[in-house]
Amino acid sequence: EALVSPPLALAARRALLDTLVEVAHVQNKCRLRVRALCFTRLVPGEVGRRVVVRFDFRCPRRHGLLQPIRGVPAAYRMRSGTDDLMLSCSHCSRDQIEEDQMMLHCPRFGCCYDLCLTCAEVLATHRQK
11 EALVSPPLAL AARRALLDTL VEVAHVQNKC RLRVRALCFT RLVPGEVGRR VVVRFDFRCP
71 RRHGLLQPIR GVPAAYRMRS GTDDLMLSCS HCSRDQIEED QMMLHCPRFG CCYDLCLTCA
131 EVLATHRQK
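Just so you know, we're using my numbering here: the sequence shown kicks off at 11 and counts up by one.
Some hints here could point you the wrong way.
[What the hints assert, rightly or not] So the derived label-pair ranges between C-beta atoms look like this:
id: 1; residue 1: T92; residue 2: L18; range: 27 to 33 angstroms
id: 2; residue 1: V62; residue 2: A21; range: 31 to 37 angstroms
id: 3; residue 1: R23; residue 2: G74; range: 38 to 44 angstroms
id: 4; residue 1: R60; residue 2: G91; range: 41 to 47 angstroms
id: 5; residue 1: V61; residue 2: D105; range: 35 to 41 angstroms
id: 6; residue 1: G120; residue 2: R45; range: 20 to 26 angstroms
id: 7; residue 1: C102; residue 2: R59; range: 33 to 39 angstroms
These are calculated hints, taken from the structure and not from any lab test. Since the structure is predicted, the reported quantities are computational estimates derived from the model, not experimental observations. All residues carry an ideal CB built from backbone N, CA and C; glycine is no exception.
Start from the sequences and build out the full structure, keeping to the hints where you can.
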């Protein structure tokens, strides 16, 4: 007979995941850049559950999570007084990422860390260039 434990509460699962991530971070001796959360969700009108994977990207300067945005961030437009700016990826230095469908941006004032989706994919899949 197999013993089955009841599912953990959301807060307990998140705390356990954060603890495991911190242990891996100490073992790897590198900064945590990407966190993947995988969970299931009931969808109204469907039988069964849908699996959802969410990736959270962190600023390497330890400012918190990067925000997905389109176009030039409002803080950049207000600071320069124009919306005709050209942004480059802070990871690969590719120019004109403001024209991409989406990019990741650190919301901390003065940080100016921007990440293109190509580099986000490389970080999420752990591929080396």
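Verification of the hints:
| no. | hint | result |
| --- | --- | --- |
| 1 | T92 x L18: 27 to 33 angstroms | violated, 50 angstroms |
| 2 | V62 x A21: 31 to 37 angstroms | violated, 18 angstroms |
| 3 | R23 x G74: 38 to 44 angstroms | violated, 21 angstroms |
| 4 | R60 x G91: 41 to 47 angstroms | holds, 45 angstroms |
| 5 | V61 x D105: 35 to 41 angstroms | holds, 36 angstroms |
| 6 | G120 x R45: 20 to 26 angstroms | holds, 24 angstroms |
| 7 | C102 x R59: 33 to 39 angstroms | holds, 37 angstroms |
Checked against the numbered hints listed earlier, the structure breaks hints 1, 2, 3; every other hint is satisfied.
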